[in-house]
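S.K.: Please model the entire structure based on the sequences and the hints provided.
There are 2 protein chains.
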Amino acid sequence: MKIGIVGGTGDIGEGMAMRLASDFEVIIGSREPDKAVSASTCCMDILQTRGVVSCRCSGVPNQEAVDGADVVILAIPFKHLASTLATLTGFEDKIVVSPVNPMEKRDFFTFVPPPEGSAALLVQKMLPKSARVCSAFNTIAANKWRALDEELDYSVPVCGDDAGAKRQVMEIVDKVSKLHAFDAGPLAVSAMVESLTPLLLNIARYNRMRDVGIQFR
Amino acid sequence: MKIGIVGGTGDIGEGMAMRLASDFEVIIGSREPDKAVSASTCCMDILQTRGVVSCRCSGVPNQEAVDGADVVILAIPFKHLASTLATLTGFEDKIVVSPVNPMEKRDFFTFVPPPEGSAALLVQKMLPKSARVCSAFNTIAANKWRALDEELDYSVPVCGDDAGAKRQVMEIVDKVSKLHAFDAGPLAVSAMVESLTPLLLNIARYNRMRDVGIQFR
Chain A
941 MKIGIVGGTG DIGEGMAMRL ASDFEVIIGS REPDKAVSAS TCCMDILQTR
991 GVVSCRCSGV PNQEAVDGAD VVILAIPFKH LASTLATLTG FEDKIVVSPV
1041 NPMEKRDFFT FVPPPEGSAA LLVQKMLPKS ARVCSAFNTI AANKWRALDE
1091 ELDYSVPVCG DDAGAKRQVM EIVDKVSKLH AFDAGPLAVS AMVESLTPLL
1141 LNIARYNRMR DVGIQFR
Chain B
941 MKIGIVGGTG DIGEGMAMRL ASDFEVIIGS REPDKAVSAS TCCMDILQTR
991 GVVSCRCSGV PNQEAVDGAD VVILAIPFKH LASTLATLTG FEDKIVVSPV
1041 NPMEKRDFFT FVPPPEGSAA LLVQKMLPKS ARVCSAFNTI AANKWRALDE
1091 ELDYSVPVCG DDAGAKRQVM EIVDKVSKLH AFDAGPLAVS AMVESLTPLL
1141 LNIARYNRMR DVGIQFR
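Chains as they are written, first to last, in the working numbering: chain A, 941 to 1157; chain B, 941 to 1157.
Hints were generated in silico from the structure; no laboratory data involved. Incorrect hints may appear among the rest.
Since the list can't tell identical chains apart, any single copy or any two copies may satisfy a pair.
What the hints assert, rightly or not - In silico DSSO-like cross-links for lysine-lysine, where the CA-CA straight-line distance does not exceed 30 Å:
no. : residue 1 : residue 2
1   : K1045     : K1069
2   : K1118     : K1084
3   : K1069     : K1084
4   : K942      : K975
5   : K1045     : K1065
6   : K1065     : K1118
The structure presented is a predicted model; accordingly, all values stated were derived computationally and were not measured.
M.R.: Written out as structure tokens, the structure is:
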């Protein structure tokens, strides 16, 4: 299975690529193709140093990351989500994963959803009807993705309206470290999942913790 | 410290009273005083059977549970929250705890906050300015409160604008089983906490689990 990461050289995308590249063929996309190429070289170097011999990872412009992938992960901040999607085409029949959290830092971190109700619902509205949009990975911090020596022992709620796509996304989640996917229901539930991330940032801030995650139990 | 539980004979209040009565003097309030009295008798019987000799628990009308308590917990469903508060007085200078989650079951469970932004913010708006409102205990299921043989090994986000009141509520939380209080920030963050409960109900439903809770880690 080929996983394309739009924004694959960003905060979250970079570590995500490294975590996924030992099990999947990863296509790192970027607005700046040079950065994507060097990120993919760096990713393979790091993985080979760690003894992962079979990793496959390439760096391309965002559009090629969409075109070449079966599953496209939108690893972009909410403020660039709509403008980035507007420049891309070819999402027909693809599985599209949104880990995006619309939030703002005021006196505290707060959930500020778009009129659609959530970032994932905005993605669904902007893409062709045949794109199968899911939300996943919302609460995994960028630092955690990158810290390859640390197990990711967290729960990951996955939302989506297409049962087959959701099952495939849950299988991808379960391949990463000790992440454990939970079916959180239809895509509309993503509003409740996305609002978890600013809550976790507040918990971290007010309890002097770093990169707080969650487990359902 | 005296803890009054408004709605102390309801789903959540009943188990909450039993869990709290071994460490605090608990005043069970109800619209129906007879039910409050029998709930308090039942609570003491159960605790004494379990070897807790020093439990103190009484049953009274809701208003007396407010009047007699230092800390008032509003253990009432959201749909009865405003109407119940409208019948009660005497909240001046009290610590008031809202575990209330405004949600509806449609095709799935969904967070439906009042115009104020959260149930806790609605409580703050309805009560006198000197009442020190916190949110806590939002994600602990009624069945878990009642199952005295089970440890409650969960994280509890606590929100509030008054630092002293929040600290006291966090100390109460930490006394209960293995609950662990986390400062989640000002009361406005309660919107993100309250939306966790319908998310957990969806997780339970779609993964065939019961009474799902959370841990921050």
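S.K.: Confirm or reject each hint.
M.R.: Here's how the hints hold up against the structure:
With identical chains, the CA atoms of K1045 and K1069 are at most 30 Å apart between copies only, with a shortest distance of 27 Å across copies and 33 Å within one. For the homomeric pair K1118 and K1084, the shortest alpha-carbon distances inside one copy (12 Å) and between copies (27 Å) are both at most 30 Å. For the homomeric pair K1069 and K1084, neither the shortest alpha-carbon distance inside one copy (33 Å) nor that between copies (42 Å) is at most 30 Å. Taking CA atoms no more than 30 Å apart as the test, K942 paired with K975 passes inside one copy only; the shortest distance there is 20 Å, against 62 Å between copies.
Proximity of K1045 to K1065 under the C-alpha cut-off of 30 Å is found in both arrangements, the shortest distances being 26 Å within a copy and 24 Å between copies. Within a single copy, K1065 and K1118 get their C-alpha atoms no closer than 32 Å, and across copies no closer than 44 Å, so neither meets the 30 Å cut-off.
Violation of the numbered hints given earlier is confined to hints 3 and 6; the remaining hints are satisfied by the structure.
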